[in-house]
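J.: Single-letter residue listing:
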Amino acid sequence: MINIEIDGKHINVENGCSVIDAADRLGIYIPHFCYHKKLSIAANCRMCLVQIEKAPKPLPACATPVAEGMKVFTASEQAVKAQKGVMEFLLINHPLDCPICDQGGECELQDLAVGYGSSASRYHEEKRVVLHKDIGPLVAAEEMSRCINCTRCVRFGIEIGGAMELGQAFRGEHAEIMAFVSDTVDSELSGNMIDLCPVGALTSKPFRYSARTWELSRRKSISPHDSLGSNLAVQVKNNRVMRVLPIENEEINECWLSDKDRFSYEGLNSAERLTKPMIKQGGKWLEVEWQVALEYVANGLRQITHESGAENIGVLATPHSTLEELYLLQKLARGLGSHNVDFRLRQSDFSADSKQTGAPWLGMAVADISLVDRFLLVGSFLRKDHPLLASRVRQATKKGAQINLIHATDDDLLMPIVNKEIVPPTEMTTVLAQVLKALSTIKQATLDTSVQQIVQSVTPSAIAQAMADSLASGERVAILLGNFAQQHPQASQLQLLAQHIATLCGAKFGFFGEAANSVGGYLAQAVPFVGAEHGMNASTMLTAQRKAYILLNVEVELDMQDPQQALAAMGAADMVVALSAYKHHATEYADVLLPITPFTETSGTFISSEGRVQSFKGTVQPLGDARPAWKVLRVLGNMLNIPGFDYNNSEAVRDEVLGGTDVSAKLGNALHGVTAQTATWNTTGLQRVSDVPIYATDAIVRRAASLQKTRDAATPRALIHSVELEKLNLQSGEMVKLTQGHGSARLSIIADDSLPRGVVRVAAGHTITAELGAMFGTIRVERA
Amino acid sequence: MEKITNFFKTFLLLELVKGMALTGRHFFARKITVQFPEEKTPQGFRFRGLHALRRYANDEERCIGCKLCEAVCPAMAIHIETEERADGTRRTTRYDIDLVKCIFCGLCEEACPVDAIVETRILEYHGEKRGDLYYTKPMLLAVGEKYEEQIAKDRASDAKYR
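Sequence order for the protein chains is H and A. The working numbering applies: residue 1 is where the first sequence begins, and numbers increase by one. The working numbering applies: residue 1001 is where the second sequence begins, and numbers increase by one.
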């Protein structure tokens, strides 16, 4: 520890701490632009110059490490003179366009110019002009003359985003920030550069010129998209969400936000919003009052229960729904007598149901990810599915963590990967079994009977051996299964093998989690295996078609594992009740559309993958006649005379479900009574590998106009290994017809040699591929 | 002694005479009443009357939608909405002043960085319904167009004091 004195105040700090850090701890503000606590030190803005005793010249506080007995003066005559001098230089080339600048009102340069700038400029020569640039649909770089070359955006790209997409070119007065390599910034974290930019050089394109910062009221909320549960500041004007910013939370999202969380708000104001309850009569949609619509639903459900039994009702909800909504939905279904409730829409293997010790979760705290030194990632499109968790993993690799990856595609994770095994989905269990075998040899452990058979049938490959060596050498190991592994037809096998690997190397073991409430869905009991009576899961209630379906937020052709089957089931049903915030394809098959509100217009709770219970309040009034889904379900429960539907607020529902905010006892990833099978599923022909593209995951994101213009949201193409392409006698770039079951899709096919042989990669969750069948399985490719 | 003075003052109606003298002086003096609307008082170039939105000589509207006037308005009489126009500039889609709320303090013209919103010398405007005094962007621009010559002259006279 080192003793220093800043402005007469003493503080004890650790060796290597910078002066600006020490001052920050004392609550002394030193003006700065290029310094950021999460980024490396550049010391190029020179604004943080301070006077240090015995130093002949002022020194930059951000780049000066503390030394024993150091005396720092941050506001002495010398320091202030230096800071004012720097400010005058910075303002030489900065345009005086604050009135039209979107940063105006929250600009660090503007704020500091009040304190350190002079009232008039002594510079009368021509100002420097930097040409505007188009770096994509999210970040506006229209006025690059405003740039003060602090390089925060560049350092963010390299250090947090993982790729240097922006760089500083040229020297001296000609220095400018520009997009490197490609012309656009395609990072899924690019929005953070807007927050980082201390001036108005990088601003938000969707928000551009729509409001000024001082007009916006700031309300707290929680991200409804990925399983991280990022804390949001929803900024509202005239009952409309104008933009979304991060709220700093070191344990969850730090000070970052993924583009999906930041820009998805455009979907809230979409023209497709459903604002009136609607009933289909004689093939025509009629707008009706709530009372009429709810009575229609209640009568319909009563009739079906009466005539064909309650088990003929199927209930589906997305994992992006709140805890309260999911709980009331299952309570309603069970009150009617149906146990056919499920929220795991994209899952295909349900053999682990009721054999699990609790709700599948991350198995560790999010903050601990950066401390892990060995990872085994199984089946995860990590960067696209969990942008900020990916950044945490990236931080861990900076500290020397090794990543072992088993997956069916080889997307660039923008971080070093020590061992990777890219195999068709059919072989993923084999690879895991190989790793398990190699690991058991290293650890000289006897394996549990449930996995003995499969382990004996394999011989570890060199890569599996290397993975085992890597995992065995770690101190803090994490085995994490991604969305792909959860959606995999052998999900429970993967889980079991991963669990045994974890036990052998004393690792944390968990799931990244598909959506904001993937854990909450289990705790809300929105699954068919609660209690003694078991209902049908999301897959069987479609294969065995039900008479009636209740859909909460679900767009069956985009949200389900098998859209073909889902659409067929909906078409055959007597009654489909769709609770949705949007008018969507349900108009084709539904009988009633009930307008419910998205997360900004309702109170609710999300439980993130680490088991953190986060409740939030509505930020704006519901649009039109839309109502929070928990209220709709509550009234529906009353109308159907189901007992226990007398909640006054969503908090009462939450308390009934959770009985407190500590849910750790209800979480668990271990499997009991599942045996690993040696036989892989019988496969002939090409196998489909599907990802759900980052901006196709849920209803709100799919309607966010700017996100849909990004490269990640481009029309999906079929990807295939060039050898397979040759076998099919096709050219890369050609249009092909992909067929699964009785449905087909026309896509262009592209050769991608990073894929394993025998697979075709086709995205799910997109209208183009909605006619196709399950996300896994055989797929036929032929010339269109 | 005081009692005696008071007695004589009361007895001789001295206060009354003084009062009547004042009345008499004004009765015969030159009248200062202005016979509005036939006559008008002189106005300074800083007179704060009806608002106007100005345009540049090339017909481009001056307002850039910075909303400083909206922010500074103590009566919250101004309402602005902005967007990015097709040519990439920041422009208002809505610029309303509720003249019923307005207290004519002139802070809006003071705040304006481009001299777009100004208060003219016009004070003889009226509305027959309350809604008539809710001035929208086209109405304000029309005022500006009509009186631009006078506005420009007043601005020029004020320039040396700014």
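There could be a bad hint or two in this list.
[Unchecked claim] Label-pair restraints from in silico Cβ distances:
#1 H:Val-129 <-> A:Asp-1158: 29 to 35 angstroms
#2 A:Phe-1104 <-> H:Ser-76: 54 to 60 angstroms
#3 H:Asn-238 <-> A:Gln-1043: 33 to 39 angstroms
#4 H:Pro-643 <-> A:Asp-1132: 55 to 61 angstroms
#5 A:Gly-1044 <-> H:Arg-240: 39 to 45 angstroms
#6 A:Glu-1149 <-> H:Lys-38: 35 to 41 angstroms
#7 H:Ala-271 <-> A:Glu-1148: 37 to 43 angstroms
#8 A:Asp-1132 <-> H:Asn-238: 42 to 48 angstroms
#9 H:Ile-642 <-> A:Glu-1128: 30 to 36 angstroms
#10 H:Arg-240 <-> A:Asp-1158: 48 to 54 angstroms
#11 H:Met-178 <-> A:Asp-1158: 31 to 37 angstroms
[Stated by the list, open to error] List of simulated lysine to aspartate or glutamate pairs, DMTMM-like, C-alpha gap at most 25 angstroms:
#12 H:Lys-398 <-> H:Asp-574
#13 H:Lys-71 <-> H:Asp-97
#14 H:Lys-280 <-> H:Asp-753
#15 H:Lys-737 <-> A:Asp-1132
#16 H:Lys-127 <-> A:Glu-1081
#17 H:Lys-237 <-> A:Glu-1039
#18 H:Lys-399 <-> H:Glu-289
#19 H:Lys-81 <-> H:Glu-173
#20 H:Lys-727 <-> H:Glu-311
#21 H:Lys-237 <-> A:Glu-1083
#22 A:Lys-1146 <-> A:Glu-1015
#23 H:Lys-280 <-> H:Asp-574
#24 A:Lys-1160 <-> H:Asp-97
#25 A:Lys-1101 <-> H:Glu-215
#26 H:Lys-709 <-> A:Asp-1087
#27 H:Lys-237 <-> A:Glu-1060
#28 H:Lys-709 <-> H:Glu-173
#29 H:Lys-127 <-> A:Asp-1096
Just so you know, the hints here were simulated from the structure itself, not pulled from any lab data. Cβ atoms here follow ideal geometry from the backbone N, Cα and C, with glycine treated the same way.
J.: Does each hint hold? Answer for all of them.
T.: Do the hints match the structure? See the list:
1. H:Val-129 <-> A:Asp-1158: 29 to 35 angstroms: 33 angstroms, holds
2. A:Phe-1104 <-> H:Ser-76: 54 to 60 angstroms: Given about 48 angstroms between the Cβ atoms, the range is violated.
3. H:Asn-238 <-> A:Gln-1043: 33 to 39 angstroms: Roughly 38 angstroms apart at Cβ, these two residues keep to the hinted range, so it holds.
4. H:Pro-643 <-> A:Asp-1132: 55 to 61 angstroms: At roughly 59 angstroms between Cβ atoms, Asp-1132 (chain A) and Pro-643 (chain H) fall inside 55 to 61 angstroms, so the hint holds.
5. A:Gly-1044 <-> H:Arg-240: 39 to 45 angstroms: The hint (39 to 45 angstroms, Cβ to Cβ) holds, given that Gly-1044 (chain A) and Arg-240 (chain H) are roughly 43 angstroms apart.
6. A:Glu-1149 <-> H:Lys-38: 35 to 41 angstroms: For Glu-1149 (chain A) and Lys-38 (chain H) the Cβ distance comes to about 57 angstroms; the hint is violated.
7. H:Ala-271 <-> A:Glu-1148: 37 to 43 angstroms: With a Cβ separation near 40 angstroms, Ala-271 (chain H) and Glu-1148 (chain A) satisfy 37 to 43 angstroms, so the hint holds.
8. A:Asp-1132 <-> H:Asn-238: 42 to 48 angstroms: Violated, at about 24 angstroms.
9. H:Ile-642 <-> A:Glu-1128: 30 to 36 angstroms: 59 angstroms, violated
10. H:Arg-240 <-> A:Asp-1158: 48 to 54 angstroms: Violated: the Cβ-Cβ distance is about 39 angstroms, outside 48 to 54 angstroms.
11. H:Met-178 <-> A:Asp-1158: 31 to 37 angstroms: Taking Cβ atoms as reference, Met-178 (chain H) and Asp-1158 (chain A) lie about 45 angstroms apart, which means the hint is violated.
12. H:Lys-398 <-> H:Asp-574: Violated - the C-alpha atoms of Asp-574 (chain H) and Lys-398 (chain H) are around 57 angstroms apart, more than 25 angstroms.
13. H:Lys-71 <-> H:Asp-97: 40 angstroms, violated
14. H:Lys-280 <-> H:Asp-753: 49 angstroms, violated
15. H:Lys-737 <-> A:Asp-1132: 64 angstroms, violated
16. H:Lys-127 <-> A:Glu-1081: At roughly 31 angstroms apart (the allowed maximum being 25 angstroms), Glu-1081 (chain A) and Lys-127 (chain H) break the hint.
17. H:Lys-237 <-> A:Glu-1039: 48 angstroms, violated
18. H:Lys-399 <-> H:Glu-289: Violated: Lys-399 (chain H) and Glu-289 (chain H) sit about 59 angstroms apart, past 25 angstroms.
19. H:Lys-81 <-> H:Glu-173: Roughly 23 angstroms separates the two Cα atoms, so the pair holds.
20. H:Lys-727 <-> H:Glu-311: Between Lys-727 (chain H) and Glu-311 (chain H) the Cα gap is close to 48 angstroms, so the pair fails against 25 angstroms, i.e. violated.
21. H:Lys-237 <-> A:Glu-1083: With a Cα-Cα distance of about 14 angstroms, the restraint between Lys-237 (chain H) and Glu-1083 (chain A) holds, given a limit of 25 angstroms.
22. A:Lys-1146 <-> A:Glu-1015: With Cα atoms ~56 angstroms apart, Lys-1146 (chain A) and Glu-1015 (chain A) exceed 25 angstroms; violated.
23. H:Lys-280 <-> H:Asp-574: Given that 25 angstroms is the threshold and the Cα spacing comes to 12 angstroms, the pair holds.
24. A:Lys-1160 <-> H:Asp-97: 24 angstroms, holds
25. A:Lys-1101 <-> H:Glu-215: 19 angstroms, holds
26. H:Lys-709 <-> A:Asp-1087: 20 angstroms, holds
27. H:Lys-237 <-> A:Glu-1060: 28 angstroms, violated
28. H:Lys-709 <-> H:Glu-173: 34 angstroms, violated
29. H:Lys-127 <-> A:Asp-1096: 36 angstroms, violated
Violated hints, listed in ascending order, are 2, 6, 8, 9, 10, 11, 12, 13, 14, 15, 16, 17, 18, 20, 22, 27, 28 and 29; each of the other numbered hints is respected by the structure.
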